[in-house]
Each structure stands twice: as structure tokens, then as C-alpha cells.
Amino acid sequence: MKFDTLIVGGGLSGLTCGIALAKRGKRVAIVAGGQNTLHFYGGSMELLGNVNGKDVDNPIEAIAQLNENHPYSKIGADSVAELAKKAKALLADVGIQTIGDATHNHYRITPMGTTKPAWLTIDGMATSDKADQLPWNKVSLVYLEGFIDYPIDFAANGIRQMGVQVETPTISLDCLKRARRSATEMRPTNLAKIFASTSAVAQLAQAINNSCGDADAVLIPAVLGIDNDDVCNMLKAQVNKPLFFLATLPPAVTGVRINAALRHYFQMLGGRYILGDTACKVVTNGDTVTEIRTTKLLDMPLQADNYVIATGSFMSRGLVADFEHVYEPLIGLDTNAPDDHEKWSQYGMMGDQPYMSYGVMTDGNFHPLKDGKTLTNAFAIGQILGGHNPVVMGDGTGVSMITALAVANQIK
Amino acid sequence: MNNKNNHYDVIVIGGGITGAGVARDCAMRGLSVLLLERFDYTNGATGRNHGLMHSGARYAVTDKESATECIEENMILRKIASHCVEETDGLFITLPEDDLGYQKTFVEACRAAGIRADIIDPAEARIMEPSVNPDLIGAVRVPDASIDPFRLTVANVVDAQLHGADSLNYHEVTELIISQNRVVGVKARDMYTGEVKEFYADVTINAAGIWGMLIARLAGITINMFPAKGALLIFGHRVNKMVINRCRKPANADILVPDDTVCVIGTTSDRVPIETVDDMRVTDEEVRVLLAEGEKLAPSLATTRILRGYAGVRPLVAADNDPSGRSISRGIVCLDHEERDGMAGFITIVGGKMMTYRLMAQIATDMACSKLGKNAVCETATTPLPGSEQQKPASGKQAFAINAAEGRHGTFASKIKYESDTDRAMVCECEGVSVAEIRYAVENQHVPNLVSLRRRTRVGMGTCQGKLCACRAASLLGRFSGNIAKAQCDLAQFLDERWKGVKPVAWGSALREAQLTATIYQGLCGLDKAIARKEDEK
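Heads up: the protein sequence lines correspond to chains A and B, in order.
Going by my numbering, 155 is the number at position 155 of the first sequence; the sequence numbering is gapless.
Going by my numbering, 284 is the number at position 284 of the second sequence; the sequence numbering is gapless.
Treat the hints with care, as some may be off.
Mimicking DSSO-like on lysine-lysine, the simulated pairs with C-alpha atoms at most 30 angstroms apart in a straight line are [claimed, not checked]:
id, chain 1, residue 1, chain 2, residue 2
1, B, K486, A, K138
2, A, K85, A, K343
3, A, K130, B, K415
4, B, K417, A, K177
5, A, K2, A, K23
6, B, K79, B, K241
7, B, K500, A, K54
8, B, K296, A, K343
Short, incomplete list of chain A residues facing chain B, as computed with Cβ under 10 angstroms [said to hold, decoys possible]:
id, residue
9, N157
10, L298
11, F323
12, M349
13, M350
Don't read these hints as lab results, they were simulated from the structure.
Model, not experiment: these values are computed from the prediction.
Just so you know, even glycine gets a beta-carbon here, dropped at the ideal spot from N, CA and C.
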């Protein structure tokens, strides 16, 4: 089977790249294992949130402070700014409306009641323009009885510390009764399936209206809208106060929605999404990749003019660490990790862990290196790229989308 | 507090298994008792070992006295602590590189010590324990078992209290109050509030394990102890169902124990300076030894996820007439400091093993009784601990979490109240811990923080190592204890404490899972920021 471009990895970067190419009429296939890191999503894309321990206001300006190995440094600030606009437009195209832009971060509110710099936030999520201030005097933080994947007391505590009065009414809905009776059903995506029904949404709206006295705004866990945001808008229309969503513990309903929206759009453009399969072998010849085999289509080589590796970091198995080495398991690409596992991490969990910045080596155009030589028809994008710590710098989703679009631009 | 006048017959220092056992024995003999622990119960060596209930076979050849003590206590614990024990039995295997001739010596020594030891065919051994190294050339079956030291200790503390004892964890003894060559009490600092309190007693029993050396120093007394670090690794699931030992002279990393949902390989043994015992970290060299030797017992360990490493410190004691420390005893040492050092009202109980804690407690309590002129018989060998009053219920038709809770709390599980749907909600899927069990533990089992909650309920101890359940449990702890801000800090400390164990094995799936945990708590949740904000306020 021959394609123009074959992408390995069906997460945020793989789908972004696939859509950009398919839109230009390219024949694209994505090999996707299944779940990806969008399932751990906080409701916002982050372009660049923190540099040298300080929150970033203007991500584009802050790129100048990054070291040369950061993916944005390879692209250049001006191009990142251009691509950031395209990323926002691409999300809008697939049906994900966002607020925010690349020249001025806003803040998302975390499940712990803290704020984090954000670039694009899904419309309807709770946000603020300031790190330590919220746009309300009094909020009603709704607790759905039995939903323990939402640390409401921590969220309330954090919001109170920003000078906002918080009340936490408990809502007990009949439509959740069956889920509540099970020990393990009250999880975010299960709730989203229940709230796909209009009668369940109406119940929720009525309960909110009955319990949220004089608050300026209502905050509820983001457990609505697994397919699209129709039910979110329906709820907002029925609640008689401004209503915003707060991220929950994983799996993130908003992340699942983005993933599905990107995938459906890609498929609508004619892209092939080979779901539930895993690339297991890549054949190279000199400086080019010639074919890819997958575990389920072993007898059918997949070939393309260009190959994009978007397999993610350790948690997605795009990188693997054994006792002695960090390696890229698919092609054996060169990585920037030292061969001494004691150096990979350090005590103090919340510190800047070295392993977080490991990834494959590439040239300035994201062609990966194997044994010191570039593979000229291959690219690496997303979290498999090293040179940055996404949890410390707040740039994970940004790097995924921006490098995906940068590479799509290069593919003729 | 049961005792209002601040004066006790006995103060016990140290909330490990020995101190908890002493407190229980004293209380059962009608003495008024106060138990003081610096951190949480089981924080020291009690919580940092294999969880192996020795049959004594390991010591049979080299130390018959210890072996005999072990088997006797082993049989007692099966009866009095049945809810803490899993009767797995154990194998002592001979590998091609070992001397098969040792097996005969071993079996004879076991039998001489009163330990049942059956030589079995290697093929039979592989059927009994499919994870065992298939190259084995010999196998002996012995009555080893698996025991939960957290449950065992808490059951002793709870029973001491039921018999009128007072118990304070997070209270550090900072001073012994001495009057005319007699220890008459202690000063203890509340680790949370910083408040220093005085408590008085006729007899003070030092049961602080390796820290007992420092407690004795407070009275100007030297005890010649040798801190011996033992490192262990926990694997992500239960590879073996029987304890697997090497049939050779005791050496490094030759015991693999199944514990609840996981298994543990250990240990190493290295002398360490006393100054370092509060911060034991597993070294790379120890990890290498543990893995290399562990794979020889059960080859599948090579491909099993390592959850974490940890290390404890054995309180080995040199005989008093041997300051060089060459003749170190693993036996029980009970020192009457009046006789030995001219310091009345002060006893140290140390040495021994977790296995023999009850006997150690009996010996120390006997000595305390004779000092107090009290004539009471020890009943700890026959009276079941709370939770083990009756045989385990033959359940299985109930919800997973209720079964799991019965396994953990024995007959006490009936006190866990499932009053609402939410009470049944699963907090920790790996270990089957419900909201109701968390509340029960917070309200009844001295749970000042999330790490203590883990020890009481096993929340966060399973395969996922607290990925989502840590947040759920912290949130519930905040709600049930009423201190939400503290519970949030506890969450960060809990994750950091877990990371301390993961760091030495941070490659393979351990590294992968660590990245996921960091992505959730640092990335998605911004927990680091919540903690930073809290620290700014201080």
C-alpha cells in the first residue's frame, strides 16, 4: 500500500500533521495504537508557559530565551507565530472553538485550584486573565455526588485563596443513580456518556438552578460533551447563571472530544486512520526509509514518499529506557540521552527531571538522525522530540501542534 | 487519652512492631501504658522488610536458637494474627551453581529446630510454584508465610488501647527525665505543633530499634549497635505464590516473598553510619545485586515491572563483652540498665526480628513487671489480636472492596460502614479500597497524613502506585479530617515519597509510569504550584 505520507502515531501531533497534509490533497495514512496523551488533557493547549522559573506572558517573545535544542528555536519565533495562528484555525475547522492567542497567555484553572498559563483554551472552560485573580466575586463549585475524580475541596481551597467566595453545593441526580451504585462507574467519560442525553442535561440544569443561590458563576466538572460541545451549550442555555467547566482527573472528556474531532475531520478529508495497529518494523536503505510494517498487517508493507514519526515520549512508548540505554524502538534513531541511568532522573519528584527532556536527535528541519546521519524522507514531531520539559515549561501541546504544522509545510 | 494524671506504670518508646507488642503485653497485664512514636507506626525497620513470616529455616544451620524461636512464634502468629498472615509456605531451592550436599545439612538442622522440612522433587516444585527457576536441582518445602507488618503493628496498638493504653504517634522523645540515677519520665515533642509535653512513668522501655541507640544516649548510656542496611525491590505483580529462598548459607537477595498484590526481593546487607539511618536510599549497586540474584530465583522477574526500591535498617547489637562488633547477634537483647549501667527504671529491648516481636515484648514486659512488683501472666501467645478473633469469613460473593477490607482488617471490617452509594465507591482499584474504608481508617486508626493512610489501607501501594487514587484519597482525607490544605500538601509529599522509591529503578516501565504521574500531577493538576503557594505563606 503506497501513500504520499505515512504517519506513525495518532495523537495530537500525528493528527495535526495528517490534517494539514490531507487538506492539501495528499494521500495520508496514520497508524494509531489507540489512547494517547490527550486523555490527560487539562482543557487548554499550552504554547510556552514557563521559562527559567517564571510564567511567560508572551510566548512568541519568550522563544528568544530558549536554548538552541528547543523545537521552537529550530523553527524560529516568527514562524512559530504563523503556525500558532494556523493551529487555532485548524482546531476551529474541526469544530473545537478556542479562546486565546500566541502573543498573550491567559490562565487555565487546574483541578487543584491553581492557575497555569495557557495558549488556547476550549471555549466554555473556566479561565482567567491573571495568574492570581479570578473574574468572579462568588462562585458555586458544583459537586456531583459520588464523583471522586474531581478533588473539589482542593479546587475550592485554591479558588478561595484567590479572594473568591466559594460555595460547594452537592447535586444528587437520578440519572446518575445507577452509576453511583457501582463502585467504579463514576468516572469522567462514563458520566459524559450519561450526559449525552438531553433529559440528563435538563436534570442537571434544573439541579444547578435550584442550588446555586447568589453566586456570580457556576463551575462544574468538565464531564459533558464527549463527541461535541452541543450538550455543553444546551446546559449553558438552561442554567440561569454564567457557567464554566473545570478540568477533572483523567480521562479528560475534553481531550477525548478533541481527539475524536481531529480524527473524524482527518477521515472526512480522505485520510486513512489505521486504528488499533502498531508499527513494528521500519526498513531503511541508506538515508531513506523504504517501508513500514505493522503488527497486524505484517504481510502488507506500507510505503510512502515521506514518513513522519509521531510516537510520543516514554509514556506513549515512542521512547524506551532499559537498564543501560534510552532508545527509539521503531527505527533506532539517535537520542540525546546519556548512557547512564543514574543521570536520567533525580530525587525531588516535582523538580526538572532530566528524562523529561530526552528525545530523538534531528536536524533543523526535524529530519531525525540515525547513526549520526539524517534520514532525508523522515521527520520526527511532537513529544518524541527532546530539548524541552513539557511539565515544567508548559509547552507540550504547543510543541506537538507547532512541529506537526512545521513539518507538514516542508512536505511537498 | 485514657490516663488523665500523666503518670504511667510504663512508657514505651518506639511504634514499630516491638514497641506496639510491648505496649499490648503491658496493657494486657494490667499496667498503665503510654506508647510514643516519633513518626508513624511502622516507619522504621518494621515497615521496610520483606513481609516474610520466617519459618526459621533460614537460620537453622547457623543459629539454632533463632530458628527455634522463629518456628514457635510462626505457629503462634498463625493463630493470634490470622488476618495479617497469608499461609503461602516456602521453598528452599538448590540451583546448579549451589552445593546440593548443603540440602541434607539444612534439612537436618531444620528438623532439629522443630521446623518441618520436606525434600521434594524439583519437578514437583515447579508444579507447586511455576515461577521458580526451572533449572533447580533440589527443593525443600518449609512453613514460611507472608505477613503484613502494617496490619500487625496497628492491630497491636489498637489492642493495647482496648486494654487501656494511651498511644501517640508523631511524638518524638527528645529527652529522658532523670532523677537520682533513675529515668522517671520523658519529654516528647509533638511533631505537628512543636509543643513539648512531659510524661512520667516508673519504667521506661526503649523499643526504638536502631534509634534505640540514640535514646539510650539520652541517658548517657552506650549500646553497641551496628546499623545494617537492607535494600529490597517490589515488583508490579505477584510473580510467585510461595516464598522462594536459596538453599545455601544466607546471602544477599536470596528471598522472594509474595505480599498481597505484589512480590518483594531482598535483601542486601551493609553496615551504615548511624547518622544516615533516617534517610536510606537504595543505591544503583544494590539494585544490580537484587535484580541479578532475584532472576535466579524466578527468571520472570527479569521482565516484570519494578515498582520501587526501599531500604530498612536492622538494629544489630554486639555482645557487651565485644566492643569490636565481631560477634553480632541476631538474637533478642533485653538490657536492664539498672543492673548494667546503674540507671534505674530503664529497659532496652532490641535485636531479634519482626518474627519474634511477641517474644521480645514478653521478655521486656516480664522485666518491667518484676521491677514494678507486679505478678501477671503473659497471655499474648494465646489471645488473638483484634481482627483475628475468629477464622476468616469464607466470603467471595461480596463486592471486591469489601472482601479486600476483610483481608486487611479481619473482623474489624464489620465496623466499616457503607451508608451511602458513595461509601462504596472505589478509591484505589489496585488494592480495592473504598471510600468507607478510608473514612474508617481516618477516624479509628491514627491517620494524620496520606502516608499513614497508605499503611493502614494499602491505598496507592498496588501496580499504579497512586496514579489517580492518591488524589482521591488525599481529597477524602482532607474531607474526613477537616484539614484540606494539609491534605493537599500530603498529596505532594506522598508522591515524592513514592518517587524516592521509584528513582533507583527509574527505567523501563517505572520511568514510563513516572512520566505519566508527573504529567497528571505537575502538568494537568499544577500540584507543584499549589505547594509552592502554601510554602510562600509560611
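Now the hints, each set against the structure:
no.: 1; hint: K486/B / K138/A; verdict: holds, 24 angstroms
no.: 2; hint: K85/A / K343/A; verdict: violated, 38 angstroms
no.: 3; hint: K130/A / K415/B; verdict: violated, 48 angstroms
no.: 4; hint: K417/B / K177/A; verdict: holds, 20 angstroms
no.: 5; hint: K2/A / K23/A; verdict: holds, 18 angstroms
no.: 6; hint: K79/B / K241/B; verdict: holds, 21 angstroms
no.: 7; hint: K500/B / K54/A; verdict: holds, 27 angstroms
no.: 8; hint: K296/B / K343/A; verdict: holds, 28 angstroms
no.: 9; hint: N157; verdict: holds, 5 angstroms
no.: 10; hint: L298; verdict: violated, 23 angstroms
no.: 11; hint: F323; verdict: holds, 6 angstroms
no.: 12; hint: M349; verdict: holds, 4 angstroms
no.: 13; hint: M350; verdict: holds, 4 angstroms
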